[in-house]
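Trainee: Keeping the supplied structure of chain Z fixed, place chains Y and G upon it in accordance with the hints.
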Amino acid sequence: MLGKLMKYEFRATGQSMLPLLAFVLVAALGVNIMERITQHSDSNAVGFLAGLLMFVFIMAIVVLSVMAVFIMAQRFYRNFLTDEGYLMFTLPASVHSLLWSKIFVSSIWFAAVGAADVLAVLIASFQVSNVSRFISSLTDMFKSLTAQYALNGAAFIAESIVVIFLACAVTCLMFYAAMAVGFSFPRHKWFMSVLFFFIFTIALQICGFGGMFTWVNVGGGPAMSALTMMHTTMGVAMGIEALLGAVFYVLTALMLKKSLNLE
Amino acid sequence: MPIFECRNLTKSYGSAPALSNVNLAVESGRIVGLLGPNGSGKTTMIKLANGLLTPTAGEVLIDGMAPGIETKKIVSYLPERTYIPLWMNAEQLMDFFGDFYADFRRERAEEMIAHLGIDPKQRVKEMSKGTREKVQLILVMSRAAKLYMLDEPIGGVDPATRDYIISTIIGNYDQQASVIISTHLIADVESVLDDVIFINRGEIILQSTVDEVREKNGKSVDALFREVFKC
Amino acid sequence: MEWQLNTNAPIYSQLIYNLKLAIVAGQYSPGDRMPSVRDMAMEAGVNPNTMQRALQELERDGLVFSQRTSGRFVTEEKSMIEDAKRSLAEEQIRSFLGSMSRLGYGKKEIIALLESGTEEAMTTNANI
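Residue numbers (my numbering), protein chains in the order written: chain Z, 5 to 267; chain Y, 5 to 235; chain G, 44 to 171.
Bound-form chain Z, shown alone:
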């Protein structure tokens, strides 16, 4: 069931996501080509065009991230909370598989966006002096950090990726929960959804900061080395995200099961 549901999720969302991803990569290619042209030309027009393209490229990356979240939220709304809900909720599949199919597919798309961003930067800077100089200076800074603080750079990056990924999934779940709760009300559904979204965002921030604050002041201390401290902090961050995610999940599933209000 879950596999089949995910198949259709990808088909439905791919139509919007793939062109966006392609656009970012093409823009990256464009930036790379423009940089090469700029290096062999003194023309002001060329320089201006290169700058414009760089701007478009950066905007594309930003828009891609924003659109990804928007597309996933819209998909949830349209497929579960409008007339399509009649189709989905009468399938012989549990609310859990229905919900997880959306969570998995959203998360995979977010990962794809992240990968596309990295790939795009690499393409844009490929063998092009200005941009690759910028990239290599980043890499140097990173190496010095590793050397100076004896931090395991790779592990840190891996953990950061997991935390960022979890944060994206939890943000998505927060949208889901806000909509599921908002639409369970008989009237003013959109208003309630937005209201709950703000409530959840505030709750998320409080829990996030509160949790980290507590951890840093209570959990840590001189007994722990900087390295362990770093890893454990990452672990705590993951734990907080996972917990919040679980809360939003339970809320969403409950609303969909008990208070589904298709018109």
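Quick caveat, the hints were computed from the structure, so don't treat them as lab data.
Among the hints, a few may not be true.
Lysine-lysine pairs mimicking DSSO-like chemistry, simulated, CA-CA at most 27 Å apart [stated by the list, open to error]:
no., chain 1, residue 1, chain 2, residue 2
1, Y, Lys125, Z, Lys193
2, Y, Lys77, Z, Lys8
3, Y, Lys220, Y, Lys125
4, Z, Lys261, Z, Lys8
5, Z, Lys8, Z, Lys262
6, Z, Lys11, Z, Lys261
7, Z, Lys8, Y, Lys125
8, Z, Lys261, Y, Lys125
9, Z, Lys11, Y, Lys129
10, Y, Lys150, Z, Lys261
11, Y, Lys150, Z, Lys8
Derived contacts from chain Y toward chain Z, CB cut-off under 7 Å, selection only [what the hints assert, rightly or not]:
no., residue
12, Asn54
13, Leu56
14, Thr58
15, Lys77
16, Arg85
17, Tyr87
18, Pro89
19, Asp103
20, Phe104
21, Phe108
22, Lys223
Here are the in silico distance ranges between beta carbons for each label pair [stated by the list, open to error]:
no., chain 1, residue 1, chain 2, residue 2, range
23, Z, Cys211, Y, Met69, 35 to 45 Å
24, Y, Thr58, G, Glu134, 50 to 60 Å
25, Y, Gly159, G, Arg96, 48 to 58 Å
Nothing here was measured: the structure is a model prediction, and the numbers come from that model.
The beta-carbon is built from N, C-alpha and C at its ideal position, and this holds for glycine as well.
Mentor: Chains Y and G only, in chain Z's frame:
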């Protein structure tokens, strides 16, 4: 065991009851008309049967089971709305139904779609309202379900389409199965019904076979309905 | 086959009447194979189960018989068909006489009307 049963079924929204203490049973092999004016509770009952709503009190049973994954496997539901995704085409819809419903008869559906001259590659978005309704009906009736629940299948369509819908229902219905047709347009479906249930303001007013109604009253169900629900 | 179904009388008895009429009037000759239950149900616009029951009653009356794999057939026994024809005719006469007497006609007047009316009716029907 009745294929569909309501026991003291009640559903309220706030203080207003959409269904009050409904008791009824439908056996296999029957085509039943759930007849009542708009807002009488027909759609609420059907949604409860499909697990889209939860009862405030009492229970609804499909083949002795509460609505859930097992009942969804044997119930084929046609809602009043256009519920198929607009971005899909007829072929993808058939793939979808075939993927999720083991009782979906693909060849039947393909035959009916072709018979209507619908291009399988045409998207729902591009279909007229009438075509969409026919496609939905074909998909629902192509399943070899034990219980079909059709919510207002003939509302708002021309007489030729109405005839097509009724003959699609008869032609695809497995004789062991039951069909519950909810409508307020009785005259057009009366001849195909075995039993009728009159419902008003969430309460069952009458439950009888069509023949009994005609014999006892010497008039059609439609005529009786007009009498009973006179404004 | 033409189905005459009105909405004021029970469906079941009307189906039986229509089927008997079709056989008696020769639409289905003795020994003819009848269409499937589903086809006839679709023609008449009724539940196939109801059509099935009507056909089963006809079987009980001996007007049709079924062979497991081949379907349903009209009986070859002409006497059964004749009997059915006669009982349908008697029903018509009973209901006719009932209506006439409600209009206030007596036996002699009815016979006189019949003699003059029959000529006309027969010629008109022949021309249709």
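Trainee: Answer holds if the nearest beta-carbon of chain Z is closer than 7 Å to that of Asn54 of chain Y; otherwise answer violated.
Mentor: Where the cut-off is 7 Å and the nearest Cβ of chain Z is about 5 Å from Asn54 of chain Y, the hint holds.
Trainee: Verify the interface restraint on Lys77 of chain Y: the C-beta must sit less than 7 Å from at least one C-beta of chain Z.
Mentor: Interface hint status for Lys77 of chain Y: holds (5 Å vs cutoff 7 Å).
Trainee: Report holds or violated for the interface hint on Lys223 of chain Y, using the least CB-CB distance to chain Z and a cut-off of 7 Å.
Mentor: violated, 36 Å
Trainee: Quickly compare the C-alpha distance for Lys77 of chain Y and Lys8 of chain Z to 27 Å and report which way the hint goes.
Mentor: holds, 16 Å
Trainee: For the hint on Leu56 of chain Y, does the least C-beta distance to chain Z fall short of 7 Å?
Mentor: Result: holds, 6 Å to nearest chain Z Cβ.
Trainee: If you draw a straight line from the CA of Lys220 of chain Y to the CA of Lys125 of chain Y, is it 27 Å or shorter?
Mentor: violated, 52 Å
Trainee: Min Cβ distance, Phe104 of chain Y to chain Z: is it shorter than 7 Å?
Mentor: Holds - the Cβ of Phe104 of chain Y comes within 7 Å of chain Z, reaching about 5 Å at its closest.
Trainee: Answer holds if the nearest beta-carbon of chain Z is closer than 7 Å to that of Phe108 of chain Y; otherwise answer violated.
Mentor: Violated. Min distance 12 Å.
Trainee: Holds or violated: Lys150 of chain Y and Lys8 of chain Z, Cα atoms, limit 27 Å.
Mentor: holds, 24 Å
Trainee: For a C-alpha distance cap of 27 Å, please report whether Lys261 of chain Z and Lys125 of chain Y respect it.
Mentor: This hinted pair is violated, its Cα atoms lying about 34 Å apart.
Trainee: Does the closest beta carbon of chain Z sit nearer than 7 Å to the beta carbon of Arg85 of chain Y?
Mentor: holds, 4 Å
Trainee: For the pair we were handed, Lys261 of chain Z and Lys8 of chain Z, check the Cα-Cα distance against 27 Å.
Mentor: holds, 21 Å
Violated hints, listed in ascending order, are 1, 3, 8, 21, 22, 25; each of the other numbered hints is respected by the structure.
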